[in-house]
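*Asks:* Each chain is listed here by its residues.
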Amino acid sequence: EPEVTQTPSHQVTQMGQEVILRCVPISNHLYFYWYRQILGQKVEFLVSFYNNEISEKSEIFDDQFSVERPDGSNFTLKIRSTKLEDSAMYFCASSRTSGTPDTQYFGPGTRLTVL
Amino acid sequence: QQPVQSPQAVILREGEDAVINCSSSKALYSVHWYRQKHGEAPVFLMILLKGGEQKGHEKISASFNEKKQQSSLYLTASQLSYSGTYFCGTGPRGGGNEKLTFGTGTRLTIIP
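In order, the protein sequence lines correspond to chains A and B. Using my numbering, the first residue of the first sequence is number 50, and each one after it goes up by one. Using my numbering, the first residue of the second sequence is number 136, and each one after it goes up by one.
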């Protein structure tokens, strides 16, 4: 069964450093998302992406964040200058269609630890 | 505005039933239910669309009451594998496939 994959599974970085989190969505899916989950809390939407453009972003997704689909398979989240409060689990998700609600399939996540 | 889930946590013995509620102060257009085990990704359970429908998957079913702006997840004859945190995610107005707004979760613990 196709699945969303993410790398790395765990990233440790120093405050102020740039990190890139990578995702490979399910191959025939057209809509991509990043969510994050701070330990013990709920899952929070960051950004959605379609047709090489951001569709919607949350207040969390400020100028320090960016997303890119550099090729036909990868979808990346970049945090330019990490802060301690960026420590969280970051989930990539993808869905096939829009217009009507469709299942968003989540990847296994990348645990980001900012020291 | 995030949906409110109740209860926050529940402990059941294997074989007992559970109901998890998800309520919104805003009109609901779709409700997505996920289960997350500790340290893992949320796993999709089902989507319900406005119209008051009910869906089922083996011993897990859900209802969507548009007028009450509420969805409920029913777990029948719970198994140990049902343990985890259940999240409801509400879809945006118009049914577009954009962001899901998740509730704070219900932690379900099944004991033998």
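It is worth saying that the hints were derived from the structure and are not from the lab. Using N, Cα and C, we set each Cβ at its ideal position, and we do this for glycine too. Please note that a few of the clues may not be correct.
[To be verified] To give an idea of the interface, some chain A residues facing chain B are shown, with a C-beta separation under 8 Å as derived from the structure:
1) Pro51
2) Thr54
3) Pro57
4) Val92
5) Asn101
6) Ser104
7) Ser107
8) Phe110
9) Phe155
10) Gly158
[Stated by the list, open to error] Cross-link-like lysine to aspartate or glutamate pairs, in silico, EDC-like; alpha carbons within 20 Å at most:
11) A:Lys91 to A:Glu134
12) B:Lys172 to A:Glu134
13) B:Lys194 to B:Asp152
14) A:Lys91 to B:Asp152
15) B:Lys172 to A:Glu93
16) A:Lys127 to A:Glu50
17) A:Lys91 to B:Glu149
*Asks:* Are the hints correct? Go through all of them and say.
*Replies:* Okay, the hints, checked on the actual structure:
| no. | hint | verdict |
| --- | --- | --- |
| 1 | Pro51 | 13 Å, violated |
| 2 | Thr54 | 11 Å, violated |
| 3 | Pro57 | 15 Å, violated |
| 4 | Val92 | 5 Å, holds |
| 5 | Asn101 | 16 Å, violated |
| 6 | Ser104 | 6 Å, holds |
| 7 | Ser107 | 7 Å, holds |
| 8 | Phe110 | 10 Å, violated |
| 9 | Phe155 | 4 Å, holds |
| 10 | Gly158 | 5 Å, holds |
| 11 | A:Lys91 to A:Glu134 | 15 Å, holds |
| 12 | B:Lys172 to A:Glu134 | 23 Å, violated |
| 13 | B:Lys194 to B:Asp152 | 10 Å, holds |
| 14 | A:Lys91 to B:Asp152 | 24 Å, violated |
| 15 | B:Lys172 to A:Glu93 | 17 Å, holds |
| 16 | A:Lys127 to A:Glu50 | 28 Å, violated |
| 17 | A:Lys91 to B:Glu149 | 26 Å, violated |
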